[in-house]
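J.: In case you want the letters, here they are:
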Amino acid sequence: MRRTSPAWALTRGVLLVLFAVFFFGPLLAMLDYSTRKDGASGRTGHWWSQLVTNPDLRGAIITSLLLALFTVVLMLVLLVPTMIWVRLRVPGASRLVEFLCLLPLTVPPLVIVVGISNVYAWVTYLFGDSALTLTFAYVVLVLPFAYRSIDAALAAIDAATLSEAARSLGAGWVTVIVRVVVPNIWSGIMGAAFITVALVLGEFVFSSLLHFDTLPVEINLLGKSQSHTSVAASLASILFVSALLLSLSFVGRRSRGTKGTTR
Amino acid sequence: MSRARRLVPALGLVPFLLYLLVFLVAPTVTVIVLAFQEQGRFTLGNLQVVTSGTALHALAESLVVSVSTAVIGAVLGALLAYIVVTMPERSLVRRAVTSLAGVLAQFGGVTLAFVFIATLSFNGVLTVALKSAVGIDLYGNGWLFGIPGLVLVYTYFQIPLMVIVFLPALEGLRPQWREAAVNLGATTWDYWRRVAIPLLTPAFLGSLLLLFANAFAAYATAAALISQGQPILPLLIRSALVSEVMLGRHGLAYALAFEMVIVVAVVMLAYTLLLRRTSRWLR
Amino acid sequence: MIHTRVLSLGLGAVLTVSALAACSPPPSDSGSGSGDKAATATSADDLGGMDALVKAAKKEGTLNVIALPPTWANYGNVIKAFEKKYGIKVKSDQPDAASQEEIDAAQQLKGTDRAPDVFDLGQSVALANTDMFAPYKVSTWGDVGSDFKDADGKWINDYGGYMSIGYDSKKVPAVTSLDDLSKPAYKGKVALNGDPTTAGSGFSGVVMASVLSGGSADDLGPGVDFFAKLKKAGNLIPVDVTPSTIESGQTPVVIDWDYLNAAETSKLPSWKVVVPSGGAVAGYYYQAISNDAPHPAAARLWEEFLYSDEGQNLWLAGGARPVRADAMVKAGTIDQAKYDALPKIAGTIVNPTNEQTTKGAAYLGKNWAKAVG
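Chains as they are written, first to last, in this note's numbering: chain E, 171 to 433; chain F, 3 to 285; chain L, -6 to 366.
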């Protein structure tokens, strides 16, 4: 379609505005609600200051951030070598790995957590019962999204040729994976990491039903007594995650330039 | 190469497989097995409760919410995706909408519930504004904290999700096909009816199914929004696990979870099949 | 192609891991050095008297409590007073948890340092889990009637109240009887504290409605019908009641325990509490010490504190009726002013037994969602 009729351009504009109101209106409402004085008029920063001054909320924020970090690390350690290995050495297993990685999308997290209590009894027995043990479950939950991101990056480079070249120059498999392939799929890895952080910061099913105090659990709890603080914390979380995900689209765009040269 | 040597590289997969076995497969198998157990003995009793009044009611409500948000999300999302596709590829608006869709589709959970609590609850911004300006009581009898509220809130992430999933299909409609149809004497309506819509239908249905599964399995938003009552299946599972009035319903929780697995598995299977049909045209 | 051998290997792995996951890990040794003696003490004398108990508890230094909201029967001040008196740090976990979650937490955290030391449970959950309680008789054991304690000392009622209707006199007209609530003036204003199929307070609200509508603790039909009527008229809202919903005016009429409603009056002077005549539904909560308490001496000292005059009066300050009230009135140690300020009870008192509660719960499980959903 090379020319857009004025009627369509107008309709399009109106519809886009309506969508924008639906999606951004509530976010602005959050900003208003979280800075409102309860019962009086005027603005206050009290609810936002709770993010640092309220010990439970502060602890929950730190817990969630640490969980995000640990999950990213464990996920990368588990997934990246496996996917590279499969692509280079066991290509027959790629369908199996793909199926397994997309399986968590089919099993609702609620179901997994209902059946996981025995497994977690072992986990807390072996590792103590800090909230950070949620890492193990979270890696499973982020698997489908991380897989897609890394797979797309792996598909874009010719990993086989790269690895052959490196091997012929005397590199061992570890060097191939770490120093040859990984730097080339960096955008995919970053994508996987960012999506993981976004998911972990919002994860509620596991943490609430296993009785751990992560950020969403704390937000939910505070919602009953101080809904303004909950809204402030939710908005902060949304802004942080949005910033991460938006920067993803920029990271992806920059490396797209190199895609055409390797085919 | 002997068979043993061929299997050695496969050993590199063992850590990954083991991990999934313990943290994904075992819990799922546990749920399926325990759904048929009561105090350690095999029984079909839990299945009986699942097909009884309250559980069936919750399943029906879950289906209502999932189907309605899937349809609304699919239609509005397809519309938004179409708007995006008709804009030039490098246009700022198009890139902005695509990126934002990627962000908004990840919304959900507890934060989304509070987005709407801030807007529409008893002392929410919009409620207060409308009440003082025009006298309309938007809060009413607390509809936000029931099924209607849930449908509205779920739509918030269903529409962007639809945009992300359906956009590649719309982008796959090559302009050459339209030109060819016009050359053969087709009108716009003919093009849509005979070429575009049949091509897009599998993708549209597949995306609809994905939206359905997404809404059906969602827990966090409902748990944060609906503090009292268990109108939908996931909340009934929560009640079965934590109720202090009706005890010993862990078996029910397992049976209900098993029910969820079946519904979502069927839907995802249909989705995969439809995806395969669509990908034929997107090459 | 995946060979059948690999497939069968995979299946075998799945089954093995599932079987492993199905068994529980070995129980770890709970309790530290001094804990052993305190863990089996059934009274303060077993440890050599109150002073020895205080010493052992101070040595442990910490107490884990669970599901104790600060505004519930004045628990916030009870905890503060205990901490101040003995210098023992009280860790209050999950204040919003329900009784069943207390038991779940104890089972999940068994053997760890975070497991709850003591429980405060609703009737059904308490009586269903007595094998998790350690028998202990506080020094004021004799003051409590035999109906309110376990003969072996496994549990003892701590405080109780009656189902009541609380309302904001500035926002709604005065409530004199239950039927007032179905009037149009109360549209979108009435809330139960908790879902009756999940929370004890919600359940007792339905019992009260039943008793007042021609039913009884055995027949909850009239109660469910009453709430169905309320829902249909648009008067009932499905919102969980918290101090913030009361103060913001979101729930101007609340059906809840009288001590929880009374706690609001101190914050909102226009909040009034009434126990409808002819429908006094009583409910007591159950106090118990966990068998696997990581701090057994502190747990026992906590109970001694709760059942001392100071502890009981602190609960009274929260509007709850402490279980030793009668004995304390006779001895003159009760806070008479606060005791007289409690809502007056007229008519017969209904105290549902465990059997009635179980039957009622089953009835609600089948009929509540349909009526109100």
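Bear in mind the hints are in silico, worked out from the structure with no lab data behind them. Please note that a few of the clues may not be correct.
[As the list claims (entries may be wrong)] Only part of the chain L face toward chain F is listed, based on derived beta-carbon distances under 8 Å: (1) Ala91; (2) Gly227; (3) Lys363.
For glycine and all other residues, C-beta sits at the position ideal for the given N, C-alpha and C.
J.: All hints, please: hold or fail.
T.: A quick look at each hint next to the structure:
1. Ala91: At 5 Å from the nearest chain F Cβ, alanine 91/L passes the 8 Å test, so the hint holds.
2. Gly227: Since chain F brings a Cβ to about 5 Å from glycine 227/L, closer than 8 Å, the hint holds.
3. Lys363: Hint on lysine 363/L: holds, closest Cβ of chain F at ~6 Å, below 8 Å.
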